[in-house]
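Chains as they are written, first to last, in our numbering: chain A, 1 to 390; chain B, 1 to 305.
These are calculated hints, taken from the structure and not from any lab test. Careful: at least some of the hints might be erroneous.
[To be verified] Each pair of labels, with its calculated beta carbon distance range:
#1 Ala161(A) x Tyr7(B): 22 to 32 Å
#2 Leu2(A) x Leu114(B): 38 to 48 Å
#3 Phe115(B) x Ala161(A): 25 to 35 Å
#4 Ser189(B) x Leu197(A): 51 to 61 Å
#5 Leu197(A) x Lys298(B): 44 to 54 Å
#6 Phe115(B) x Glu40(A): 21 to 31 Å
Note that this is a predicted model, so its numbers are computed, not measured. Here a beta-carbon is modelled for each residue, glycine too, at the ideal position from N, C-alpha and C.
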Amino acid sequence: MLRIKLKRYLSQLAHPVFAIGISLVLGAIAIRIVGANPLEIYGIMLNGAFGNKYYILATLTRATPIIICGLGAAIAWSTRYMGIGGEGQMIVGGFVTSIFALYMPGPEWLILLAAILGSIAAGGVYSVFSGWLLRKFKMSLAITTLMLNYVALFVTYHFVANRFLDTTTTEGKLEQTKQISASLRFPQLFEGYPLHLGFIIAVILVFLLWFVMNKTTFGYEAKMSGFNRSFSDFGGINSKKIMYSVLFISGAICALAGTGEVLGTQYRYVHNMYVSASFAWIGLNAALISNYNPLGILVSSIILAGIQTGGSAIARSTSVPLEISAIIQGCITLFISAKIIISWKRNKKELKKEQIMNDETIEQNKLLNTGTTQDVLKRDTEELEDEVGA
Amino acid sequence: MDINSMYIAVVLNSTIRLMTPILFVALGSALCNRVFIFNIGLEGMMLTGAFFAIVANHYTGSVVLSLLAAMISSMLVAWVAGIFMVKFKGAMLVVGVSINVLMLGLTTFLMQILFGVKGAYVSNDLVSLPKVNVDFLAGAPFFQTLFGSLTYLDYFAFVVAIILYFYLFRTVSGFRLRSVGLNKIASESLGIKAERIQIATITFSGLLSGLGGSLLTMGGVTMFAQNITSGRGFIALAAGTLGSAHPLGVVLSSSFFGLAQSIGNTMQNTAVSSQLAMATPYAATILALALYNYLQIKRGANLDQ
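Turn these sequences into a full structure, and let the hints steer you where they fit.
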């Protein structure tokens with residue numbers, strides 16, 4: 001039993017590992033074209049991502065919004081509501097947070113609470129709007145969320161540039177709000193290092209989402225609804241309610257990622273701050289790599305963030321451009337998407353062998369004659385659940 | 001000729017110039033829709049074409065070679081995307097998103113290596129697409145403005161739309177293509193090689209995106225900037241859907257987006273906030289799609305995916 005389970009987990013891991021491996025090879029070719037030594041460059045990259053305490057903490061800081069966005073994308077995508085609105089939701093959330101933090105009077109705890117709840121509400125409602133468009137007008141979620149990203153970007157740009165512009169600083173011509181007061185900022189986890197409270201929130205969210213998706217009725221219903229919409233409707237699951245809840249949660253989580261960046265790293269809303277860093281896209285990539293598994297998102301987000309911080313380290317010290325990390329990332333998701341790769345390796349013979357083995361276990365269970373049906377049933381349900389989860 | 005009609009001519013002219021890059025890509029998107037492919041990677045393919053047009057331009061200084069480079073490069077990218085979507089059964093959104101991330105990275109990467117610049121590459125040595133001479137319209141200033149400073153490629157976009165219309169609805173091969181989108185299994189049972197048609201269609205949509213991209217970098221301005229497409233591929237995707245994947249419908253929907261952008265641009269010179277003006281085409285897309293789908297649903301069409 002345990003062996004089968006372990007094997008299953010390992011075979012789940014094999015695909016991402018293979019994808020990352022082949023992407024690194026392709027990245028090496030790109031590096032070679034520039035005329036640098038791939039091993040040396042990857043060495044610098046690894047060092048720049050995880051080489052010392054500062055680099056590790058910088059990578060974790062960068063991973064924070066990616067983890068949160070990945071979770072937001074995962075809950076929607078695993079229910080097969082495949083929106084790409086994470087960016088817009090982050091923008092809305094971050095913007096609302098900064099406005100509350102800057103202009104709301106009252107005690108600090110109340111301001112902070114309002115800023116976070118406001119962000120959650122704004123991101124959630126904004127995300128539900130695209131769901132409403134889907135339900136009412138049958139508009140593809142992918143298209144509406146994409147368009148809404150730009151609407152959110154430019155509408156907040158309008159407010160930042162014309163209403164809330166920081167006119168005190170003379171540095172450059174950045175379109176940004178004023179800085180929020182120091183008492184409202186997320187505390188740093190280590191004195192003098194960038195890592196902030198947002199990372200703890202991200203980790204809590206990971207476990208929270210894992211619990212909700214795997215241990216609650218809601219999570220089960222959502223999974224079922226994603227698995228087969230009409231079947232779950234038939235089974236009495238209210239797919240309309242599920243859709244709106246899932247989209248609200250997804251939007252709210254992504255909005256929190258925006259909040260974290262405002263309160264934790266930038267201390268203000270800067271136009272384009274999320275788009276240029278493409279947190280939401282990378283978060284989506286992290287969700288895809290880990291097959292929507294929250295714990296997997298935590299790990300893959302840190303890896304992806306490492307590729308980015310490592311990429312900046314390369315760009316600082318060598319002639320290889322920063323975009324090498326985008327190339328590697330793009331390749332990883334591209335290869336992750338391909339379902340064939342895994343069945344490639346497992347030829348028919350092996351599959352057959354496995355089938356015979358499974359049959360044998362069933363036979364053995366039958367022969368043992370104690371708790372036979374339960375065992376077989378239990379195994380089958382477990383298998384089914386794993387498939388549903390996948 | 002009074003001021004007002006000249007103003008209209010200017011707006012219409014800029015509408016045409018803004019719509020044709022979208023039109024090329026939207027036609028590709030429409031074709032993909034016809035074979036049941038949702039190709040979000042068009043953005044990345046358009047960017048590819050835009051970039052390699054400038055690369056070939058930089059090294060050869062030939063318009064024809066630049067266009068060829070744009071078409072071939074984006075076709076290659078589209079072919080890879082097609083293989084992953086159809087042969088490897090990758091989820092279309094995932095493949096598309098990866099293509100977009102990858103090509104944004106790769107074009108910026110190569111721009112730094114080949115041209116040694118960050119952000120944007122401009123040079124006086126670059127040639128732009130030849131413009132159609134409209135001096136013979138000098139007697140009619142309205143039309144002279146309307147058709148002024150358009151390249152041959154701008155006109156070609158409309159020609160492609162008409163050709164595709166005849167191809168899709170008047171030829172056997174076009175009928176086969178549509179049958180794949182209507183019912184892949186049924187069409188396969190009739191001996192149509194559905195997967196091959198799907199991959200070929202995606203590849204061809206790449207070619208069209210390449211042309212659209214080269215219009216961006218060699219049409220009105222001659223330069224390449226990082227992420228110069230900035231969501232035009234996505235708008236084209238919406239245009240393809242809005243035009244109900246019909247080539248002539250796509251011409252209409254693309255002109256709508258061109259007009260929205262053109263009005264947005266003219267609004268930037270007025271009291272209206274330029275940032276809100278930039279949001280107009282995207283908001284208009286949502287409104288137009290909602291209205292279109294609402295009318296479809298009212299007519300009793302089943303839009304469930």
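### Task
Against the structure, test the hints numbered earlier, and report the numbers of the ones violated in rising order.
The structure breaks only hint 2.
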